[in-house]
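Full structure from sequences and hints, please.
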Amino acid sequence: MRRIISATVLNESGVLNRLTGLLTKRQFNIENITVGHTEDPAVSKVTLTVWVEDDRKAEQLVKQLHKQINILKVRDLTNMALVSRELALIKVLTTPDTRSEIKMLIEPFRATVLDVSLENVTLEVTGDSEKVDALIELLRPYGIKEISRTGITAIPRGTQKKVLELHPYSIM
Amino acid sequence: MKASWVAEQKTVESSLVSGAELFIQGLQNENVDVVFGYPGGAVLPIYDALYKAEMKHVLTRHEQGAIHAAQGYARVTGNPGVVLATSGPGATNLVTGIADAMIDSIPLVIFTGQVATKVIGTDAFQEADIVGITMPITKHNYQVQKAEDLPRIMKEAFHIANTGRKGPVLIDIPKDIAVNNAPLKEVSDIHLPGYQPTLKPNILQVKRLNEALQMAKKPVLLTGAGVLAAKAEEELLAFAEYYQIPVAQTLLGLGGFPADHPLCYGMAGMHGTYAANMALYDCDLLIGVGARFDDRLTGNLEHFAKKAVVAHIDIDPAEIGKNVPTEIPIVGCAKETLKALNQTCGEKGNSSEWVIQLSKYRSELPLTYKSNDKELKPQKLMEILHEVTKGAAIVSTDVGQHQMWAAQYYTFSTSNRWITSGGLGTMGFGFPAAIGAKVGRPDLPVVAVVGDGGFQMTLQELGVLQDWELPVIVVIVNNKSLGMVRQWQEIFYEKRYSHSLLDIQPDFVKLAAAYGIEGKRAENEDEVREALEAALSSKKPFVLDCAVSADENVYPMIAPGKGLHEMIGVRG
Numbered sequence: 001m002r003r004i005i006s007a008t009v010l011n012e013s014g015v016l017n018r019l020t021g022l023l024t025k026r027q028f029n030i031e032n033i034t035v036g037h038t039e040d041p042a043v044s045k046v047t048l049t050v051w052v053e054d055d056r057k058a059e060q061l062v063k064q065l066h067k068q069i070n071i072l073k074v075r076d077l078t079n080m081a082l083v084s085r086e087l088a089l090i091k092v093l094t095t096p097d098t099r100s101e102i103k104m105l106i107e108p109f110r111a112t113v114l115d116v117s118l119e120n121v122t123l124e125v126t127g128d129s130e131k132v133d134a135l136i137e138l139l140r141p142y143g144i145k146e147i148s149r150t151g152i153t154a155i156p157r158g159t160q161k162k163v164l165e166l167h168p169y170s171i172m
Numbered sequence: 001m002k003a004s005w006v007a008e009q010k011t012v013e014s015s016l017v018s019g020a021e022l023f024i025q026g027l028q029n030e031n032v033d034v035v036f037g038y039p040g041g042a043v044l045p046i047y048d049a050l051y052k053a054e055m056k057h058v059l060t061r062h063e064q065g066a067i068h069a070a071q072g073y074a075r076v077t078g079n080p081g082v083v084l085a086t087s088g089p090g091a092t093n094l095v096t097g098i099a100d101a102m103i104d105s106i107p108l109v110i111f112t113g114q115v116a117t118k119v120i121g122t123d124a125f126q127e128a129d130i131v132g133i134t135m136p137i138t139k140h141n142y143q144v145q146k147a148e149d150l151p152r153i154m155k156e157a158f159h160i161a162n163t164g165r166k167g168p169v170l171i172d173i174p175k176d177i178a179v180n181n182a183p184l185k186e187v188s189d190i191h192l193p194g195y196q197p198t199l200k201p202n203i204l205q206v207k208r209l210n211e212a213l214q215m216a217k218k219p220v221l222l223t224g225a226g227v228l229a230a231k232a233e234e235e236l237l238a239f240a241e242y243y244q245i246p247v248a249q250t251l252l253g254l255g256g257f258p259a260d261h262p263l264c265y266g267m268a269g270m271h272g273t274y275a276a277n278m279a280l281y282d283c284d285l286l287i288g289v290g291a292r293f294d295d296r297l298t299g300n301l302e303h304f305a306k307k308a309v310v311a312h313i314d315i316d317p318a319e320i321g322k323n324v325p326t327e328i329p330i331v332g333c334a335k336e337t338l339k340a341l342n343q344t345c346g347e348k349g350n351s352s353e354w355v356i357q358l359s360k361y362r363s364e365l366p367l368t369y370k371s372n373d374k375e376l377k378p379q380k381l382m383e384i385l386h387e388v389t390k391g392a393a394i395v396s397t398d399v400g401q402h403q404m405w406a407a408q409y410y411t412f413s414t415s416n417r418w419i420t421s422g423g424l425g426t427m428g429f430g431f432p433a434a435i436g437a438k439v440g441r442p443d444l445p446v447v448a449v450v451g452d453g454g455f456q457m458t459l460q461e462l463g464v465l466q467d468w469e470l471p472v473i474v475v476i477v478n479n480k481s482l483g484m485v486r487q488w489q490e491i492f493y494e495k496r497y498s499h500s501l502l503d504i505q506p507d508f509v510k511l512a513a514a515y516g517i518e519g520k521r522a523e524n525e526d527e528v529r530e531a532l533e534a535a536l537s538s539k540k541p542f543v544l545d546c547a548v549s550a551d552e553n554v555y556p557m558i559a560p561g562k563g564l565h566e567m568i569g570v571r572g
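The listed protein sequences derive, respectively, from chains B and A.
Quick note: the first sequence uses the UniProt record's numbering, first residue 1, plus one each step.
Quick note: the second sequence uses the UniProt record's numbering, first residue 1, plus one each step.
I should point out that these hints are in silico values taken from the structure, not numbers from a laboratory.
Computed from a predicted model, the values in this text were never measured in an experiment.
Be aware that one or more of the hints could be misleading.
Some chain A residues well away from chain B (every beta-carbon gap over 12 Å; in silico) [to be verified]:
id: 1; residue: Y47
id: 2; residue: V169
id: 3; residue: H386
Straight-line alpha carbon distances no greater than 27 Å define the calculated DSSO-like cross-link-like pairs of lysine-lysine that follow [stated by the list, open to error]:
id: 4; chain 1: A; residue 1: K207; chain 2: B; residue 2: K63
id: 5; chain 1: B; residue 1: K57; chain 2: A; residue 2: K306
id: 6; chain 1: B; residue 1: K63; chain 2: A; residue 2: K348
id: 7; chain 1: B; residue 1: K63; chain 2: A; residue 2: K231
id: 8; chain 1: A; residue 1: K200; chain 2: B; residue 2: K73
id: 9; chain 1: B; residue 1: K57; chain 2: A; residue 2: K495
id: 10; chain 1: B; residue 1: K57; chain 2: A; residue 2: K562
id: 11; chain 1: B; residue 1: K63; chain 2: A; residue 2: K200
id: 12; chain 1: B; residue 1: K63; chain 2: A; residue 2: K155
id: 13; chain 1: B; residue 1: K63; chain 2: A; residue 2: K339
The C-beta atom is built at its ideal place from N, Cα and C for all residues, glycine as well.
Okay, here's the thing in structure tokens:
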């Protein structure tokens, strides 16, 4: 299953290396990872999406991350109510005929045109991964030249509906 | 305003010292009494400062020797071992020891030299990215960017290495950092927001364990090195006695509970005793204390403690539930947790039938071997060693058959006498570790029990024995083969002994003599006893090459993939 894990880390050199190295060592495959500053410049937030077999492996991953000295806090956001967003830049081939059609098409997605040239347009879209996927599929018939996606960044919602069920061996 | 600023500046300026001097100061602040190391280009400024400070330094003959010695020192003293090596090859030669210390939770603070900051990343002479290389095998590591950071980093490193689940911490010091000046100032308190080990157990979980103890008819304690690291031997003894819980020990936990105690059933695992393994297989309550349920201990997890409620006491939350599903997780230091359990003096369960049953196993199916007049049996060798040293020596081993025989037959009634490479299984570990142990505990006899294969990996450290006249006794369990490899080839590979027989050997006695060390070859029990007695009373280094029967195997044994109840060779 896919898990979204958020880690608050000290903003020092080598932290990311330690974090990703740990995932490699324990054979976790990172699907995507985003890193950025938080409200405190000395602290960064890492959001990563990984595939894990079961809850036990997920718990192990959280605990191993938490053990790292320059990782301050680790949260498995998967079962929490959260807002998650991803940004994608998409370069689509255009002809004079299709240009306005594409503009119509992207409107419901609230995507914006960033750059226009004779042969193509570059679009920006922000949303959850499903929305980004849907837009890409819609644009595919026109010919996609290039895509660059940031990966998910996420934050739990202010109000959580229910507390996540803890497993008997869980202590996190 | 201005005047005071100048005055402040002056006091700072007058106390500027080099990074190397800060290094010495840092060691002194931590009460370090010995450094194990090997010099080289990038650590020249540090070695110069060591020279001036008259700090005790043991010069080994290889960096691997230095780090294993520091491990042996740390094991017997409980203080972090300190290692110093140069950049590049000096640093990479430490890697095996770092990995060994990491997996066996041995506190070390390792200093490596590095090329000067301005050439880092240019593939300079003797440059290696040791911080990158050791990232997965250190508890934490640092590269010092400014000389003034060194005191803080050292204080943090010693704290991290020797608290929580102990382990190795590496500090990489570029050459210019050791030369640059920085103010000498007191380091304020450690501030590590991402590192707050839990020592006190959760009272709720302690209560749950108390309740489980009332219900249990077949409780068992599995005790590991966490007991030793926490110095929780007394608390463990009181706990086991109060509730009458049989004790099985891990390889690294030997000595944490006295081997001669009626509740001690010996070592469990692949080559453990029948009683200890059956206790783990049959129990209805398993209490793991400072043990990590390693695969060599559990055998096939499908069959491990299947009838039991599992309680796990460990200082490292990541160990709990990692291999064995755990109903009662207790994160905490073994000492604090056992203390809390002892204080409650909960209602006792009735384990008397269980204790009788296990004691029957212990007396009817003890560890055993077939002896004959012609050969020196390695098991007998361990028994003689125990007898001559009155069981009071520090024993250090490599990995393999000799390690298992030492663990089985040199029984430990006192803690911190047993040094072995458990998790990583490092050949060449035992001899240098014994050197470090002797440096740390000069008052105790120290015996390195090594195989003829492993000894040849680090025997250059005989130079250290000669140099320091250290009365370490090296007992070579010489079966002219890589015994455990040979045993597995015999059992699982139809006796195809692929590259495991070492018929061509140096004359170890002459080799010792080349280092000015007395040696002897022993081929029977009397010669062993006589030589050991002489070596012990001489208070000099000694090498005893023991010709043991070459085709002896370690039993009992659990084949890979089998459960703890499927032991072979129980009856010898």
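Going through the hints against the structure:
no.	hint	verdict
1	Y47	27 Å, holds
2	V169	9 Å, violated
3	H386	39 Å, holds
4	A/K207 <-> B/K63	24 Å, holds
5	B/K57 <-> A/K306	20 Å, holds
6	B/K63 <-> A/K348	34 Å, violated
7	B/K63 <-> A/K231	25 Å, holds
8	A/K200 <-> B/K73	20 Å, holds
9	B/K57 <-> A/K495	39 Å, violated
10	B/K57 <-> A/K562	24 Å, holds
11	B/K63 <-> A/K200	18 Å, holds
12	B/K63 <-> A/K155	25 Å, holds
13	B/K63 <-> A/K339	26 Å, holds
Hints 2, 6, 9, counting from the list given before, are not met by this structure.
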